[in-house]
Amino acid sequence: MSDSRSVRVIPAALLVTALLGYPFLDRWLQAQTVHAVTDAMIYVLLALGLNIVVGYAGMLDLGYAAFFAIGAYTMGLLNSPVLGSPLYGHVWSFWVVIWIAAAVSAGLGVVIGAPTLRVRGDYLAIITLAFGEIIPVAIRNMGDITIDVAGWKPVERLNLTGGENGVNPVGRPHLPFVNFDTDFIPWYFLILVIGALSLWAMNRMRDSRLGRAWMAIREDETAADCSGVNPVKTKLLAFALGASFSGFAGSFYAAKLQAITPGAFEFNVSIMLLCMVVLGGMGSLKGVILGGMLITLFDRILLSQMTFFIRWVGRSLGIGVLASVDLTLWRWFFFGLGLVIIMLIRPEGLMGRRVRPPAADVDEGEEALALVAAPPRPRAEALPAWLREATDPGRRPSGGPSVLEVRGLTRSFGGLVAVSDVELVIPAGGIIGLIGPNGAGKTTFFNLVTGLLRPDRGEIRLDGASLVGLRPHAIVGRGIARTFQSIRLFQNMSVLDNVLVGEHCRLHASVAGAVFRPPAVMAEEVRARGRAADLLAFVGLDAKAAEMAKNLAYGDQRRLEIARALATEPRLLLLDEPTAGMNPRETDTLTELIGLLRRELGLAVLLIEHHMEVVMGISDRITVLDYGTRIAEGTPAEIRQNAQVIEAYLGKGYEQELVAT
Amino acid sequence: MSAELLALQDVHAYYGNIRALKGVSLTVGRGEIVTLIGGNGAGKTTTLRTVIGLVRALRGTVTFDGRRIDRVATHRIARLGIAQSPEGRRIFAPMTVLENLELGAFARTDREAIPQDLERVLALFPRLRDRLAQKGGTLSGGEQQMLAMGRALMAKPDMLLLDEPSMGLSPILVETIFDIIRNINQLGTTILLVEQNARMALRVAHRGYVIQTGRIVLQDAASALLRSDVVRKAYLGEK
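Protein chains in written order, with this note's numbering: chain A, 446 to 1106; chain B, 42 to 280.
Hints in this document: simulated from the structure, not taken from any laboratory. Treat the hints loosely; a few may be bogus.
To be verified - For lysine-lysine, the following BS3-like pairs were computed, each having C-alpha atoms within a straight-line distance of at most 27 Å:
{"no.": "1", "chain 1": "A", "residue 1": "Lys995", "chain 2": "B", "residue 2": "Lys176"}
{"no.": "2", "chain 1": "B", "residue 1": "Lys197", "chain 2": "B", "residue 2": "Lys176"}
{"no.": "3", "chain 1": "B", "residue 1": "Lys63", "chain 2": "A", "residue 2": "Lys989"}
What the hints assert, rightly or not - So, partial list: chain A residues that the calculated Cβ filter (under 8 Å) puts toward chain B:
{"no.": "4", "residue": "Asn613"}
{"no.": "5", "residue": "Ala978"}
{"no.": "6", "residue": "Gly1026"}
{"no.": "7", "residue": "Gly1096"}
As the list claims (entries may be wrong) - Beta-carbon label-pair distances, calculated as ranges:
{"no.": "8", "chain 1": "A", "residue 1": "Trp831", "chain 2": "B", "residue 2": "Val271", "range": "35 to 45 Å"}
{"no.": "9", "chain 1": "A", "residue 1": "Asn610", "chain 2": "B", "residue 2": "Lys176", "range": "53 to 63 Å"}
{"no.": "10", "chain 1": "B", "residue 1": "Lys176", "chain 2": "A", "residue 2": "Ala830", "range": "25 to 35 Å"}
Just so you know, even glycine gets a beta-carbon here, dropped at the ideal spot from N, CA and C.
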């Protein structure tokens, strides 16, 4: 214990000493690098903010420099003696404006975020790119605004931004006994404090309910939505928080530089920031710091030093080409080259998490055993007590004996009616099978009930309350959880985190809660982790809690998806072909698990399945769809003999099959 | 011309970072249907991928029609006469059914014989004929499976590799697909069939291999495997 502590404490102490001592060492050596290092730290702070949007939430933002500009110009507008703005009478203190700048940037983050919520990938990148272009142009043109309505000029020559000339000077911060005017060292310590606080906050956000939600959205937005994460809110928060850090960085930058011009915030700045994040490793705080430092210092110090050196060599040897070389003109060449090389060698970035685990051999003993012996049976004792309580039917609002009532449900795509006037009732604690030929509309039906699709007509009621029009995450909150036909886990998150995302809608920690961690939030997080561990133990995955979801075997992935669904404390579980691709033994175990959930928790289950021994064996009643309409409904025995069902779905050979088994 | 069309000899291969095959040997005779059954992660799909060169054998040899193919590029292997209908029905979703089928014949040089083969494929899969102008992505799961198989057949292969053709299909379609597999074989195509649905696979196949953790643990005539205790317990789900 003390060993592992000292292992962590000693490097940290060394780092703090180095950071504190560096500017004085620099002065003693007369190296004069503090100025450049301070600038580098500004860019690091920007890159860290961008990392929230790109690295955590997975949204490619090509116009992030716009928020940097907004932070800088907020400082310029409120803290410069030159802007003749009628908006204010006096210059505001740096210490106040820096917070206003962060708030303004965050607000604009929401404004730019809102229209991009429905788009992803390439489209999102293009919109942010446009935003990144709009802001500098707007700044250039807001230096001289005159509104002229037929001779009436309510606004005349209003100067908000200084136009092309920018703002010069910008006010400095003032503190007693500290010289911000001619000395760079106070600036260094100020950005060090801002940076350290930002890092502290980001670190805590990442390891919170919010951080998990961001990563879930990044991994699979639909699955996150269907696990109870509100994608709109989550993405807007990423935009707003990411932007607020650039508000700090921008206002600091303006005050330090004493002058800002629109040219400092153009597209290439956005790209450079993105390079820092990608080079260091998306999603890794250490990596982004390293990437930011490397790129800025390479640019600001190394290139010019190298230029001096090569010129000196050129002069000494009398080689004219070398004597007049200017490497700083080649900076984008070196950035590009460096990025290409890093992406080829380490696509995950310098400090990014290695995507591939070390080469492994299948544990033969274990797998051979798994084949001969049955997989672990689900045990009722292993069911967590809190889940029994949470799903206890006695505590739920009761709208009658049925959990889900679907009437007249209709949905068409273009001219094709995928689900037509379907009726389905699931009694409390019932297991209902939904079968039908491929393309009959079963999955569409699931998507309608879970809110991924909106019905054209019809009613969907859970405990008597209508679900039509609710977004998927809200429906999860009401008590419907689902799994997917093609497993949709959060691949690059741990097994434990996958389950924790499922708990998202039952947790309450806010952004402030995530950062400051009051006792209530701490207790909630501890309880959530305990519950996730319980659920993993129940499905037999407790030993694999720390593994990446994508490294699980197929059957384990299916069980993890069910654990994640159970974490939402559902009342109704929708399972879409849960035994597809499973061998008979795994199928048996899963069937038993479903039965157990119903028996012990009173959980209602709607089951799409092609394995007839599963559906027929476990369902109370079965609904058969064909071409979007219900062609039969009844007990398994009735369905098995229904001529229409045999014709459309089961096939004549099915009876022989039954005899054979 | 040898009686063995495909032969794997002591093939070792990695799938990603997992040692998936640890010395697999199997043969498929000309005109046979051979099935490879086994659990998830046993190495079934890796075996198929090794045959078509998507996974490279670290050790061992793969011979097709008497010729080593374990170091041959995938698209060249396809031209030698091996076609695969991949797991998960990888069809070209934005293209029409007809275009998908025509693409299957992309590498062929005997262009004049293609219309005739298209007829033959459509005779096997009458459902596809009704949907020729429809986009592949709008087909139902079963139809996509048929399209994937039909596209593979358009290459006029000597050998067809099928990976889980029954996955996710309704019982009646599973029957249909296995009928079609039998038909294709009777028309002269050799088939290597990988399946979870061991019962159906063993019914349609002549011979079978059981693969466990990257090794062939059992091989016999399909009818004998159907009766074997190990297979009945582990793969047919009998108590």
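Evaluated hints:
For the given pair, A:Lys995 sits about 31 Å from B:Lys176 by alpha-carbon distance, which is inconsistent with the 27 Å threshold. Proposed proximity of B:Lys197 and B:Lys176 is supported: the alpha carbons are some 23 Å apart, at most 27 Å. Proposed proximity of B:Lys63 and A:Lys989 is supported: the alpha carbons are some 25 Å apart, at most 27 Å. For A:Asn613, the interface hint is violated, the least distance from its beta-carbon to any beta-carbon of chain B being 55 Å, above 8 Å.
At a threshold of 8 Å, the smallest CB-CB gap from A:Ala978 to chain B is about 26 Å, leaving the interface hint violated. Residue-level restraint check for A:Gly1026 holds (minimum Cβ-Cβ distance to chain B is 6 Å; threshold 8 Å). Among the interface hints, the one on A:Gly1096 holds; its C-beta lies about 3 Å from the nearest C-beta in chain B, closer than the 8 Å criterion. Checking the proposed 35 to 45 Å range against A:Trp831 and B:Val271 shows it holds: the Cβ atoms sit about 42 Å from each other.
Checked against the hint of 53 to 63 Å, the pair A:Asn610 and B:Lys176 passes, with Cβ atoms roughly 57 Å apart. Checking the proposed 25 to 35 Å range against B:Lys176 and A:Ala830 shows it is violated: the Cβ atoms sit about 51 Å from each other.
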